[in-house]
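J.: Residue numbers (full-length UniProt numbering), protein chains in the order written: chain A, 1 to 441; chain B, 1 to 276; chain C, 1 to 290.
Bear in mind the hints are in silico, worked out from the structure with no lab data behind them. Wrong hints could be hidden among the right ones.
[Stated by the list, open to error] Anything over 10 Å on all C-beta distances counts as not near chain C; from chain B, calculated:
#	residue
1	T55
2	G135
3	I166
4	I170
5	A174
6	R222
[Stated by the list, open to error] Reference excerpt, derived from the structure (chain B facing chain C, CB under 8 Å, subset only):
#	residue
7	P46
8	I89
9	V123
10	L152
11	A212
12	Q263
[What the hints assert, rightly or not] Covered by chain B, per the in silico footprint, the following chain A stretches (three or more residues, Cβ under 8 Å):
#	region
13	37-50
14	56-65
15	77-86
Keep in mind it's a predicted model, so treat the numbers as computed, not measured. From the three backbone atoms N, C-alpha and C, an ideal C-beta is built for every residue, glycine too.
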Amino acid sequence: MNRTMRALLGATALCAAGGIASAQENVTLTIATVNNGDMIRMQGLTQDFTAQHPNITLEWVTLEENVLRQRVTTDIATQGGQYDILTIGNYEVPIWAAQNWLVPLNDMPESFEPDDLLEPVADALSVDGTLYASPFYAESAMVMYRTDLAEAASVTIPDSPTWTDIRTAAEAMTDQANGVYGICLRGKAGWGENMAFLTAMANSYGARWFDMEWNPQFDSPEWTEAATDYVDMMTQFGPPGASNNGFNENLSLFQQGQCGIWIDATVAASFVTNPTDSTVADSVGFAQFPNKEGVDNHGNWLWTWSLAIPASSQNQDAAKEFIAWATSRGYSELVAQEQGWAAAPPGTRRSLYDSAEYQEAAPFAAMTLTAIESANTSQSSVQETPYSGGQFVAIPEFQGIGTAVGQQFSAALAGQGDVQQALNNAQQLTQREISRAGYPK
Amino acid sequence: MARAASTRRKAATTLIAWTVGLLIFFPIFWTVLTSFKPEAQAIAMPPRLWNFDWTLENYTAVQERSNYFRHFWNSVIISVGSTLIGLIIAIPAAWSMAFVPGRGTRNILMWMLSTKMLPAVGVLVPIYLLARDTGLLDSRILLVGVLTMINLPIIVWMLYTYFREIPGEILEAARMDGATLRSEILYVLTPMAVPGIASTLLLNVILAWNEAFWTLNLTAARSAPLTAFIASYSSPEGLFYAKLSAASTMAIAPILILGWFSQKQLVRGLTFGAVK
Amino acid sequence: MSTKASRTAARLMISPAVLLLLGWMIVPLAMTLYFSFLRYNLLMPGMESWAGFENYRYFFTDPAFWPAMRNTLVLVGGVLMITTIGGILVALLLDQPFWGQNIVRLLVLAPFFVMPTVSALVWKNMFMNPVNGIFAYLARVLGLQPYDFLTQAPLASIIGIVSWQWLPFASLILLTALQSLNSEQMEAAEMDGAGPLSRFWFITLPHLARAITVVILIQTIFLLSIFAEILVTTNGGPGTASTNLTFLVYMQSLLQFDVGLGSAGGVVAIILANIVAIFLMRMIGKNLDA
Numbered sequence: 001m002n003r004t005m006r007a008l009l010g011a012t013a014l015c016a017a018g019g020i021a022s023a024q025e026n027v028t029l030t031i032a033t034v035n036n037g038d039m040i041r042m043q044g045l046t047q048d049f050t051a052q053h054p055n056i057t058l059e060w061v062t063l064e065e066n067v068l069r070q071r072v073t074t075d076i077a078t079q080g081g082q083y084d085i086l087t088i089g090n091y092e093v094p095i096w097a098a099q100n101w102l103v104p105l106n107d108m109p110e111s112f113e114p115d116d117l118l119e120p121v122a123d124a125l126s127v128d129g130t131l132y133a134s135p136f137y138a139e140s141a142m143v144m145y146r147t148d149l150a151e152a153a154s155v156t157i158p159d160s161p162t163w164t165d166i167r168t169a170a171e172a173m174t175d176q177a178n179g180v181y182g183i184c185l186r187g188k189a190g191w192g193e194n195m196a197f198l199t200a201m202a203n204s205y206g207a208r209w210f211d212m213e214w215n216p217q218f219d220s221p222e223w224t225e226a227a228t229d230y231v232d233m234m235t236q237f238g239p240p241g242a243s244n245n246g247f248n249e250n251l252s253l254f255q256q257g258q259c260g261i262w263i264d265a266t267v268a269a270s271f272v273t274n275p276t277d278s279t280v281a282d283s284v285g286f287a288q289f290p291n292k293e294g295v296d297n298h299g300n301w302l303w304t305w306s307l308a309i310p311a312s313s314q315n316q317d318a319a320k321e322f323i324a325w326a327t328s329r330g331y332s333e334l335v336a337q338e339q340g341w342a343a344a345p346p347g348t349r350r351s352l353y354d355s356a357e358y359q360e361a362a363p364f365a366a367m368t369l370t371a372i373e374s375a376n377t378s379q380s381s382v383q384e385t386p387y388s389g390g391q392f393v394a395i396p397e398f399q400g401i402g403t404a405v406g407q408q409f410s411a412a413l414a415g416q417g418d419v420q421q422a423l424n425n426a427q428q429l430t431q432r433e434i435s436r437a438g439y440p441k
Numbered sequence: 001m002a003r004a005a006s007t008r009r010k011a012a013t014t015l016i017a018w019t020v021g022l023l024i025f026f027p028i029f030w031t032v033l034t035s036f037k038p039e040a041q042a043i044a045m046p047p048r049l050w051n052f053d054w055t056l057e058n059y060t061a062v063q064e065r066s067n068y069f070r071h072f073w074n075s076v077i078i079s080v081g082s083t084l085i086g087l088i089i090a091i092p093a094a095w096s097m098a099f100v101p102g103r104g105t106r107n108i109l110m111w112m113l114s115t116k117m118l119p120a121v122g123v124l125v126p127i128y129l130l131a132r133d134t135g136l137l138d139s140r141i142l143l144v145g146v147l148t149m150i151n152l153p154i155i156v157w158m159l160y161t162y163f164r165e166i167p168g169e170i171l172e173a174a175r176m177d178g179a180t181l182r183s184e185i186l187y188v189l190t191p192m193a194v195p196g197i198a199s200t201l202l203l204n205v206i207l208a209w210n211e212a213f214w215t216l217n218l219t220a221a222r223s224a225p226l227t228a229f230i231a232s233y234s235s236p237e238g239l240f241y242a243k244l245s246a247a248s249t250m251a252i253a254p255i256l257i258l259g260w261f262s263q264k265q266l267v268r269g270l271t272f273g274a275v276k
Numbered sequence: 001m002s003t004k005a006s007r008t009a010a011r012l013m014i015s016p017a018v019l020l021l022l023g024w025m026i027v028p029l030a031m032t033l034y035f036s037f038l039r040y041n042l043l044m045p046g047m048e049s050w051a052g053f054e055n056y057r058y059f060f061t062d063p064a065f066w067p068a069m070r071n072t073l074v075l076v077g078g079v080l081m082i083t084t085i086g087g088i089l090v091a092l093l094l095d096q097p098f099w100g101q102n103i104v105r106l107l108v109l110a111p112f113f114v115m116p117t118v119s120a121l122v123w124k125n126m127f128m129n130p131v132n133g134i135f136a137y138l139a140r141v142l143g144l145q146p147y148d149f150l151t152q153a154p155l156a157s158i159i160g161i162v163s164w165q166w167l168p169f170a171s172l173i174l175l176t177a178l179q180s181l182n183s184e185q186m187e188a189a190e191m192d193g194a195g196p197l198s199r200f201w202f203i204t205l206p207h208l209a210r211a212i213t214v215v216i217l218i219q220t221i222f223l224l225s226i227f228a229e230i231l232v233t234t235n236g237g238p239g240t241a242s243t244n245l246t247f248l249v250y251m252q253s254l255l256q257f258d259v260g261l262g263s264a265g266g267v268v269a270i271i272l273a274n275i276v277a278i279f280l281m282r283m284i285g286k287n288l289d290a
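Only chain A is shown next, with the shape it has when bound in the complex (with noise of 0.2 Å):
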């Protein structure tokens, strides 16, 4: 009944909107998010939006990460019009945009200040010039290591160490009767768990996904090269389990001392430096994504969590003005005022790097901003290539091509088959796949 009434209600609304703002009509928002901390810390500081906006109630269906990607993109892609805000990455927005799924972020409010936006972020959320979501948190990859560690085995990493020097301060830092790990990887299959790793790792070896006629390209020495040092590395220097271990995974081997290098997203700078959840928050160094000698190229990883409005939701200003709110400087000065600056989430404001306090906070601020900077989707590899996308090619089927390519390269790792023939096969499966969805288009 109540429902009935519901749709009803939004029916008639949707007829009666055309273009008058509705401001004062009470409204929920429901907000689909992953349940990372910085959300969740999100969904603690709402009070301060209500008290704005007393008119608008907000709901929150916060669910682990895959699970939210799999709710969402079955509810856009059949209109199913649950939804007033999702929560996606960069590898969803353009493609979703290009499907006019989601509502143009223009004639947002004041407070929202676009200009203020890092460049390449805002790059990588824009189809055309405009902006289709707002991120919430910005990431690249860099290396995180222990300071004490690599100083016992009298190893230096460099600001912006060539993947040789990761090597053999991974094999210097080893102790694995002592439970220390030189280096932790993501090995966990998915395109965006090993994949994205492995991705950003081939670009820094001058590998790429396809040629310009979408030939897949795993056959090619670059591939080879990064493949093989990879499975090395991690089998000689690793952890157990290694291809069960994703971002998770290797964050609390991290925080409980023993991992000596993680080579992973920016966002998990904050985490390993706090105190309260990390062993080691006072030996942790940074360095940039490591590249091969002579490959210009740092990977490329830029991933964002972003607020996007898809085209089916009927309160889009409410949900623009909540946009405003959770993405602009006045919500970072709000998480610095409550929890301090070292919380506020990272990479998507040039405001908050030019803050003074912000960089006292963070000491790995200036890092993240050099990663966030020199990151180029368009253009991710030293080779030409016929798509964009830094730790992944975005297209549709990248999704289902990337998971089982991951599963070919985890199951390498976990020593079911070598390299070669993990080469092999992601080759085989990836032309397949390609084929069939009809690429060259």
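Starting from the structure of chain A, add chains B and C where the hints point.
T.: Positioned in the frame of chain A, the structure of chains B and C alone reads:
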């Protein structure tokens, strides 16, 4: 002499049985215990069995973050609702299968069971489209309906096997006395079948409570049950064992307690005709 | 025995259940069948076109198809074996007199109430994790290298987790059956000098046959569509080592939203499930008739 031997034997059995029981139960015990630890101690090695700082902070954190009672209430409505509707549909069906069996009865029964093998992931998109077009997305009505259909075969089968054990003569006698079909079912059969119905009800409430595919994929904010509540605590960034344990404890405690208290009723009818 | 009138009444009464299930079966099935012949990706609306059997061809030639078939069978078979044998042992144990029977029975029953997602999360993180898990700790205490369950033996680990969830169910049904065993017959056999083993083999086991049938039948229905446990623990890997048919369909349909391919997989899975069902009926269905 014999008594001493049997006492010794009983003691040995007690020891083994308790060891087995505790081993089987240990993961649950450990989850509950972990839910009272601070995050850093939850992951500490060696594992802390008692030497940790008892805390309720995980429960407070979970309660602050999510509306537990709404999820809980949705779970109750969905699981109990779908089971009751399932029973209403299944009792007449099971009656006719048990007392007026035709040639096709067994095939119908088997066919019903085989609908349970319908792989949910393969039909999600069709069902989602149907739900969207009927405006039922994120409504408890939809979930009650879907879970009724999912558990109906099991309900029919359990009742069927239970009804078959009831001697047909009793019904014949009632019929002789002029009972109508309706009163035969309502006043003769149903009371006799109460243990079977009770156990069917319990088993299906449990199955519906734990169903995690449809309940997760067809809900958003309003009708999401406890399975969705769990999905917001599994593998976030950072340490999460203790909060996950607290959320898990909160999700399974109601059904575990219900199951424990009604264990006798559950078990009594849980024979599927296996006991003659 | 039954009059014509009651036959009609019986038809009437069975029809709601049958019609509803028929609807539940046929509507999505028809849609699935239709979609399976389309080139239809949710992420590319407006591109739908007739594809003939292409989706089926792709599904069958997927390199993961045969491993998935094998894994499905191993998973179902493994869990059935463990829960049936384990269930018989636990039932025999609980049937003996000992102190605290009721409490132990509650302990054994408990895993059945735990949501599959929760149990998979708990086992994966707190027990099987090779660094922070309890098993790793025990191995180190015993001076062994921690075993990495989900990497080295992914399918076996999942079988273990699922068996833990289903052991209580099997134990209880078998225990109920055991308790209905005629004790006079047992005593007579004992008098005749039959040892415990032969008593078990010739009296107990035949008596349990029906209960075992039921356990196998019901569990098979649930085990064929195991999904949450795999998604949470191994994501079907490493490689395809723990991908079952349901998970393969998930990878193809929900992960890339290829509705056509996913539907073809769904249709194949339904057909296979029905083959298994018929097979089961033939093999053990006669046990269920009075």
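J.: Next, verify each hint and record whether it holds.
T.: Now the hints, each set against the structure:
1. With a minimum CB-CB distance of about 18 Å to chain C, T55(B) clears the 10 Å threshold, and the non-interface call stands.
2. With a minimum CB-CB distance of about 17 Å to chain C, G135(B) clears the 10 Å threshold, and the non-interface call stands.
3. Listed as a non-interface residue, I166(B) keeps its Cβ farther than 10 Å from every Cβ of chain C; the least gap is roughly 13 Å.
4. The Cβ of I170(B) lies farther than 10 Å from every Cβ of chain C, with a closest approach of about 14 Å, so its non-interface assignment holds.
5. Every beta carbon of chain C lies more than 10 Å from that of A174(B), the smallest distance being close to 13 Å; the non-interface claim holds.
6. The Cβ of R222(B) lies farther than 10 Å from every Cβ of chain C, with a closest approach of about 21 Å, so its non-interface assignment holds.
7. With its C-beta approaching chain C no nearer than about 6 Å, P46(B) sits inside the 8 Å limit, and its interface hint holds.
8. Interface hint at I89(B): satisfied, since its Cβ lies 5 Å from the closest Cβ of chain C, which is below the 8 Å cut-off.
9. The criterion of a C-beta within 8 Å of any C-beta in chain C is met by V123(B), whose closest approach is roughly 4 Å, and the hint holds.
10. Given hint, L152(B) at the interface with chain C, holds; its Cβ is 6 Å from that chain's nearest Cβ, closer than 8 Å.
11. With 8 Å as the threshold, the beta carbon of A212(B) comes within range of chain C, its nearest partner Cβ sitting at about 5 Å, so the hint holds.
12. At a threshold of 8 Å, the smallest CB-CB gap from Q263(B) to chain C is about 6 Å, leaving the interface hint in force.
13. With 4 residues bearing a CB less than 8 Å from a CB of chain B, the region 37-50 of chain A meets the requirement of three and the coverage assertion stands.
14. For a cut-off of 8 Å, the count of residues in the region 56-65 of chain A with a CB near a CB of chain B stands at 7, and the three-residue condition holds.
15. Counting residues of the region 77-86 of chain A whose C-beta lies closer than 8 Å to any C-beta of chain B gives 6; at least three are required, and the coverage claim holds.
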